[in-house]
Amino acid sequence: MNALRRHRELSRIWASDRGWRRPFTTVNHSDLGRMFMLAAFFFFGVGGILAMMIRAQLATPHSAFMEAEVYNQIFTMHGTVMMFLFAIPLFEGLAVYLLPKMLGTRDLAFPRLTAYGFWCYVFGGTMLLLSLLAGVAPDGGWFMYPPLSSTLGSPGINPDFWLLGITFVEISAMAAAVELTVSILKIRAPGMSLDRMPIFAWYALVTSLMILTGFPPLILGSILLELERAFGLPFFQADLGGDSLLWQHLFWLFGHPEVYIIFLPAAGVISTILPVMARTPLLGYSWVVAGAVALGFLSFGLWVHHMFTTGIPHLGLALFSAASTLVAVPTAIQVFAWIGTLWKGRPEMHMPMLWIVAFFATFVIGGLTGVMVAIVPFNWQAHDTTFIVAHLHYVLVGGFVFPMLAALYYWLPQVGGRKRFFKLGKTAFWLIFLGFHGTFLLLHWSGLMGQRRRIPTYDAGSGWELINLASSISAFVMAIGFALVVIDIATNLLVSVRGSRNPWGAASLEWAMPTPPPSYNFASLPLIHGRDPLWSDPKIGVAIAKGEGFLGAPRGNQREILTVSTARGTPEAMVILPGNTALPVVMSAVTGLFFAGFLFKLYWLPPIAVVLVAALALKWAWSLGHRADQGPQPVGRDTTLPLAAERPGAPAWWGSVFLLLANATLFGSLLFGYAFLWTIAPGWPPPRYLDWMPLLPLLVLAGAGLASPAIRLAERRAAPHVGLGVAAVGQMLLLASALWLLAAAPDPTGHAYGATVAVIAGYAALHAALALLLTGYCLARLRSGFVSQARCTEIRIARLWIDYAGFVGIVAMAACLAPGLLQ
Amino acid sequence: MLLVGCAEDLSTLHPAGPVAAAVADLWWGMLVGGTIIFVFVMALLAAAFRRGGHGRDGERVWLAGLGLAFPLTVLAALLVWGLMLGERFLVAGKPEATRVQAEARQWAWTFRYPGTDRAPTEDVLFIPAGQPVEIEITSVDVIHSFWVPRLAGKLDAIPGRTNILGLQADSAGEYRGLGAEFSGIGYLGHSFTLRALDPADWTTFLAGDTP
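For the record, the sequence lines run as chains F and P.
Per this note's numbering, residue 1 is the first one in the first sequence, and the count goes up by one each step.
Per this note's numbering, residue 1 is the first one in the second sequence, and the count goes up by one each step.
Just so you know, these hints were derived from the structure itself, not from any lab.
Since we're looking at a predicted model, the values are computed, not measured.
Misleading hints may appear alongside valid ones.
What the hints assert, rightly or not - Which residues of chain F face chain P? A few of them, derived with a C-beta cut under 7 Å, are:
{"#": "1", "residue": "L148"}
{"#": "2", "residue": "T151"}
{"#": "3", "residue": "L342"}
{"#": "4", "residue": "W343"}
The C-beta atom is built at its ideal place from N, Cα and C for all residues, glycine as well.
Work out the full structure: start from the sequences and follow the hints.
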């Protein structure tokens, strides 16, 4: 088979649908990555317009442009849109688009999940946008502190849009995080061991793991606050045993890692681009990886520095102050690794490099002011003033937007396959760079002069007038700069001449394919020998096209990729990916019904939506698999490998492992909240604790004790039907015990104790029901012949969920009964 | 807003008491230090473009030296300074301190003077000048924050909790105070006045007259 025929065959197999159906049925990572990024840029435009409205309002004292009512919606939505609808999705889009190409493979592990996440993002974002257009947007600040955001401070629908819309959007973050983690660990080119991975993949891995552990506290907080608003469960009401500080802990437990979730991908972009611009490998690869990992860990230890003014005990302040300054160390390691790389190479000042220089000049200031606000006494003065506004924009614009502009100019020739033609970019650069510093540098000063954040206007004679006027003018200069970037990119994509394949002389694999990239990325999967494949073998692209790598012989309609061993990158198995389908968009629309039901208080709708989602999920899973063992498959280069579904450790199994990691973090956050209320909230103890229920532990232990061994029996195929049947009985016992606990809970609207017990019991019931559903699914698959000694991935996955449901059942029971016992 | 103040009356850099003065000193120190570090890093960056590539690695200097040892030293020093300052302010329960209570609501303040017969005051807080004062801060509705920029940093007013802030006004006079946590529609006007009184005026005030 020659290169051209191979190209035609692979294009036919991997192509998305044509015409209007394409965006709705595509599961291709290049398509979805581009759609993600386009949507993110759209929301950046929305957030930018809101920013311009804020600066127009603050340009002069006593502005009559907006009332406080409107202004509060505008600044709340500016922060919300930029954080949740721009920054995180842009990372997801960039990673979805780039990673398979950098890792030398054809797609991500779960293509339909990518699409589902994308649609959840679009639908959730649209919900928030509609609230803005209808004039009922959230107006309590992007941090949504209760009681202001609860029914006491905001009886209207505004906060519900935030809580439900953002949670809907978070589904896409969780989906992308699971997807990226599994793909980076399992779906790479053969020979690409972990220490040969492109540095961006390391950053994406750390970021994804942080999303999996950082977002659950926010999701939990949103659920609890929505339960308080909708049904009066008083988690955050001090007079009923709740505590408004619980929200702050949950929110910042997410909110601080969030900052690094935004910064790390940008740092990954810099670590990728800067060495190419300096024509030398990155200095201290392992130091940089260690720095990124350390940032990931440390960032979970500093959330309290957003709460220094809440009256935290002194020792706590000292500890969190130390942790907050310490986080500067891994950042410094990366910054000096980059400057050191420039010193050892011969840097060239192309557009991407220009933006990286802007990053240095801006982010270093943001980092330094960050250390300042980590010092507690200073924080008490600077907190909630425009000093913080300036600081956070230096960090987020300097540390995310500028590197993303570098990325845009760097990868544009890869995405569009064209040369840069019009030279508007440099003008745009200076407008944005100077406009940015003009907008924010002096706001540090007005903050120290006493200008609070979030005030809709101010008096003449306050001493801030000149600063604010200069800031507003500069902000509009910056906006013009961004408009020029849009024009620059659009003309470039539409009218430029075709460019060469690897214009920057880069080392990573995304440049070893034709541009714009074909739907299948690589005609064959290359065997990797080092960290910089294109520098050690500039002709690798030709070898790939000639089919000299793995999977160079397309067969039938199968979309084939390989999985590798996590550490060493030895090929392990072949995966056949699903093709184009509208299932993801339909399923996310139905998921949207669930949220819409809560939003409009149509409480009959969510249960229907749950049943429909479950049905669609079963259809989703049912479509994969075989009714007979397929055995070893030829994968080229005289190698045969089994199908991933026919050996342990399939991608789907890993997907469940990481989903459970996120799920367990949510459960852990719930237990943390419970312990926090029990020990710290003012209104405890409650009127009555649960009495000891002697039968309940027996029931729970019997359920877990039956189900876990039984599913192992089924997995070993000693007696699969019996094993699954007994496991189902065990789940029913667990479900019954959880429902019993729920019924026995004291009035959930009367005190936070009863409310928390109800949520914990509900969580346990949900997981018992889920495990029961999975067990039933496995039985049906077994009866239909999809399960055999070799093909038992589904039972392995069920085992994970059954074990987890047992664990949750035991912990939930112990947690709910403990206060009564210890009394 | 009733008060149209002068340019400096909300400035943390125009302190009128020992607590705010110490923080202002801390700021000036950090500004100088931060500027030096910024210029140093930018000079290193600029130098990279000036000189032709040496091809030398120097991994130890860049990473162990500049990346690790340098920030650790600077941060340790700064942290000790910050903690010592914080320690000085946080010593609550000074026997000689005057105790007053501040209760925030949307969008007003009530101040009480426990242990005296003095009736509560609305939106004006009276304290004795020249001596330490401790303010017990709480809220009856949403979260607010108590802030008199020229005297001390903020402390939040949280429903169901009481936080204690120590401050001192060196001389008698009026100081502007703000609610400094976003609290909804009326946030802009959520301000108050702090009046520090001479000993004689303070006695008069406690006796029930407003000097």
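Results for each hint:
1. L148: holds (4 Å)
2. T151: Where the cut-off is 7 Å and the nearest Cβ of chain P is about 12 Å from F:T151, the hint is violated.
3. L342: holds (4 Å)
4. W343: Because about 5 Å separates F:W343 from the closest Cβ in chain P, which is inside the 7 Å limit, the hint holds.
Checked against the numbered hints given earlier, this structure breaks only hint 2.
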